[in-house]
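Chains as they are written, first to last, in this note's numbering: chain A, 11 to 371; chain B, 11 to 371.
For the record, the hints were derived by calculation from the structure and aren't laboratory data.
Among the clues, some could well be false.
Said to hold, decoys possible - Computed beta-carbon distance windows for the label pairs:
(1) B:K240 / A:R126: 50 to 56 Å
(2) B:L46 / A:Q277: 28 to 34 Å
(3) B:D68 / A:P239: 40 to 46 Å
Unchecked claim - Below, in silico cross-link-like pairs of lysine-lysine (DSS-like), each with a Cα-Cα straight-line distance of 27 Å or less:
(4) B:K240 / B:K274
(5) B:K82 / A:K270
(6) B:K237 / B:K287
(7) B:K267 / A:K334
(8) B:K270 / A:K82
(9) A:K267 / B:K334
(10) B:K267 / A:K35
(11) A:K334 / B:K274
(12) A:K343 / A:K287
(13) B:K270 / A:K343
(14) A:K334 / B:K270
(15) A:K287 / B:K343
(16) A:K267 / B:K343
(17) A:K343 / B:K267
(18) B:K110 / B:K35
(19) B:K82 / A:K267
(20) B:K270 / B:K237
(21) B:K343 / A:K274
(22) A:K240 / A:K355
(23) A:K82 / B:K267
(24) B:K334 / A:K274
(25) A:K343 / B:K287
(26) B:K35 / A:K267
(27) A:K240 / A:K369
(28) B:K343 / A:K270
Each residue gets a CB set at the ideal place from its N, CA and C atoms; glycine is no exception.
Read off the chains here:
Number of protein chains: 2
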Amino acid sequence: MASKSPTIVDIHTHIYPPKYVELLKSRTTVPYIRQLPGQTVPHLIILPQETIGRPIGDEFSSIARKVEFMDKHNISISVLSLANPWLDFLPASEAEAAAKEINDDIDAMCKLYPGRLYCLGTLPVSAGAKACVREVKRLRELQQIRGIVMGTTAMGRGLDDEAMEQVWGAIQEEGWTVFLHPHYGLPGGVYGERAGEYGHVLPLALGFPMETTIAIARMFLSGVFDKFPKLQLLLAHSGGTLPFLAGRLESCILHDKQLKEAGKLHQGRRTVWEILKTNVLLDAVIYSSVGLRAAVEAGGVDRLLFGTDHPFFPPVGEKAEEEKWLSVTLNSKAVADLFGEDQEKSQAVLGRNAMRWLKLD
Amino acid sequence: MASKSPTIVDIHTHIYPPKYVELLKSRTTVPYIRQLPGQTVPHLIILPQETIGRPIGDEFSSIARKVEFMDKHNISISVLSLANPWLDFLPASEAEAAAKEINDDIDAMCKLYPGRLYCLGTLPVSAGAKACVREVKRLRELQQIRGIVMGTTAMGRGLDDEAMEQVWGAIQEEGWTVFLHPHYGLPGGVYGERAGEYGHVLPLALGFPMETTIAIARMFLSGVFDKFPKLQLLLAHSGGTLPFLAGRLESCILHDKQLKEAGKLHQGRRTVWEILKTNVLLDAVIYSSVGLRAAVEAGGVDRLLFGTDHPFFPPVGEKAEEEKWLSVTLNSKAVADLFGEDQEKSQAVLGRNAMRWLKLD
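Please model the entire structure based on the sequences and the hints provided.
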């Protein structure tokens, strides 16, 4: 007897709506899209270290192509987020209007496929806290919105910026989950003189996860989760490196003389392990059962949510068009390898957790 | 019936021999040791971002204090390494003589406690490849030496520097294990404007492991392990973040168009998973069973070696003098939590692996 296939929800899947693509095409500094002579498709340059960038076909902006991808990979529901770098680069005067327009746009795109598409809103971070708070509240009017996607710089000074507190307050009040996603990586110099030989590997494989880890550690150390104990941060790439480094982070805190003298090591303080189990959700975009198990052990199986990172990481092989994407199957296989026959757990990670946390009807 | 207590070997334990301390005291730029008015002990400043530094008592340089620490924590054998930043900062003209002097010094210190102390040699990296090769060979004359400790910058351009190849060649020929240890962390700006409030936490907890991860990834990507397939690199802090990020690193490689076009994704290429199981050893300095399990799954239980990081991370509590060090017990507990009653595995990690890999008689 064939069992009913499980509901698969993809909570890490990006789109650049057509209006955002137009915006990127109008620019000449990173981020931007350019069409070079001899290229058949335009190229997107989003990382400061990039020179060539990546081909950006309509899989980056077409909602029909997104659904095609979902069907090919048996994904029932996708929760779309604007891809990095979101609206971070906009002048303050343009950001709020752009955020409204793009959030309305994505929301409308999701409505084209009832029951299959939800989305995350984007905040006009460069316009400051008040504008962000207004958009945090306005997002309630949009039916398909289920949270907010955010980069690590927030309003320019990181997620531990005191000016962010009113934004965290509004987000907590509205109950939005925040999907925290890297973009800036690490300063290019850290990869050495031969980095150019290694393609995009080092900034994407190592810089991105470290950026996320630093960002969440700064939030934790500055006390954001003490002030806003109901916040839920969904961390991209299984928390960057947080599950693996949580022990070292906690140990470095417990051995820090300055924190001790500042009274920060008091009895009853919340540890990074507690934050992982109460304020953090992790996506399952980690490409191996080794990392996935660490994520489960750190956060709990009910806090792990499947994702694909589509349309990034397309296959590079000759039969790319026909194949299922390796970047997807590596993550599905990690879930299967980790949970084996335990349908309860694998279905939780593949879809049920997302349904519950993000209130997908 | 009480079982015989297992042989515990500490392979991550540092010392600044008296001659090295004199050297640091003579300097006025990082790294250096200074005695400020009102301070009872001198302070060591080793990280670029530090202002106050850390108190450096004789536990940093006294071999008797090292053995006292070992006895207190039931450590049978220690494999001492010169602490960071080793000899990296020396002018080329002074480095080779200093390396000889300090290697002879540590070797002699180890002989004071027969059967309990071994050590790693330090190379005169600033003096160039030939000087390093000479010292790699000369170390054979020193009875207690069991490997080499090295930072991530090597001769100034990292471990993927082509000029390092003759050094790797000599190391492979002599069969030395290289203990790869971080020091430089990440550029200070990545921790944001409030980093000063967080003590040393972010550079130590996150910067150090990422530095190690980038260094080993660069070695891997540049093909060092293809050219020198017998190299054994012992990675500090359980590989930095390598076990957790191995899946992502491998996926980013498999999805990199530039590497594909350069023919680097050919059939039969060695993956990062294979390197972890053939060229990499991991210490068990990770402070939690979550990280430790990932290290075991990535590298294999026979490639994981217990360590303490002494004399760094002393207790900060009021009863610090009496206590066993938390930084040690967190790591012992991680081993106990992970292996439970499985004495075979826990004894392998606590000592037997080190005995075998480092040929401790």
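Cross-check of the supplied hints:
1. The given range of 50 to 56 Å is respected by B:K240 and A:R126, whose C-beta atoms sit roughly 53 Å from each other.
2. The beta-carbon spacing between B:L46 and A:Q277, approximately 32 Å, falls within the hinted interval of 28 to 34 Å.
3. Between B:D68 and A:P239 the Cβ separation comes to about 45 Å, which falls inside the hinted range of 40 to 46 Å.
4. Straight-line distance between C-alpha atoms of B:K240 and B:K274 comes to about 21 Å, which keeps the hinted pair within the 27 Å bound.
5. The hinted pair formed by B:K82 and A:K270 meets the criterion: a straight-line CA distance of about 24 Å does not exceed 27 Å.
6. For the given pair, B:K237 sits about 17 Å from B:K287 by alpha-carbon distance, which is consistent with the 27 Å threshold.
7. For the suggested pair B:K267 and A:K334, the alpha carbons sit about 17 Å apart, so the restraint of at most 27 Å is met.
8. Between B:K270 and A:K82 the alpha-carbon distance is near 24 Å, which keeps this suggested pair within the 27 Å criterion.
9. Pair hint A:K267 plus B:K334 holds up; C-alpha atoms about 17 Å apart against a cutoff of 27 Å.
10. The straight-line distance between the Cα atoms of B:K267 and A:K35 is roughly 23 Å, inside the 27 Å bound, and the hint therefore holds.
11. Restraint check for A:K334 and B:K274: the C-alpha separation of about 22 Å stays at or below 27 Å, so the hint holds.
12. Restraint check: the Cα-Cα separation between A:K343 and A:K287 comes to about 25 Å, which is no more than 27 Å; the hinted pair holds.
13. Taking the CA atoms of B:K270 and A:K343, the gap is near 23 Å; set against the 27 Å cutoff, the hint holds.
14. Taking the CA atoms of A:K334 and B:K270, the gap is near 18 Å; set against the 27 Å cutoff, the hint holds.
15. A distance of roughly 21 Å separates the Cα atoms of A:K287 and B:K343; the hinted pair therefore holds under the 27 Å criterion.
16. A distance of roughly 23 Å separates the Cα atoms of A:K267 and B:K343; the hinted pair therefore holds under the 27 Å criterion.
17. About 23 Å separates the Cα atoms of A:K343 and B:K267, which keeps this hinted pair within 27 Å; it holds.
18. Simply put, B:K110 and B:K35 have alpha-carbon atoms about 20 Å apart, close enough for the 27 Å limit, and the pair holds.
19. A C-alpha spacing of about 23 Å is found between B:K82 and A:K267, which places the hinted pair at or below 27 Å, so the restraint holds.
20. With a CA separation close to 20 Å, the supplied pair B:K270 and B:K237 stays within the 27 Å bound.
21. Among the hinted pairs, B:K343 with A:K274 is consistent with the structure: their alpha-carbon atoms are about 24 Å apart, no more than 27 Å.
22. Taken as a hint, the A:K240 and A:K355 pair is honoured in the structure, with Cα atoms around 25 Å apart against an allowance of 27 Å.
23. Distance check on the hinted pair: A:K82 and B:K267 sit about 23 Å apart at the alpha-carbon level, within 27 Å; holds.
24. Note on B:K334 and A:K274: the hinted pairing holds, with a Cα-Cα distance of about 22 Å set against a maximum of 27 Å.
25. Between A:K343 and B:K287 the alpha-carbon distance is near 21 Å, which keeps this suggested pair within the 27 Å criterion.
26. For a cut-off of 27 Å, the pair hint linking B:K35 to A:K267 stands: about 23 Å separates their Cα positions.
27. Restraint check: the Cα-Cα separation between A:K240 and A:K369 comes to about 16 Å, which is no more than 27 Å; the hinted pair holds.
28. Only pairs whose Cα atoms come within 27 Å are accepted, and B:K343 paired with A:K270 is accepted, the gap being roughly 23 Å.
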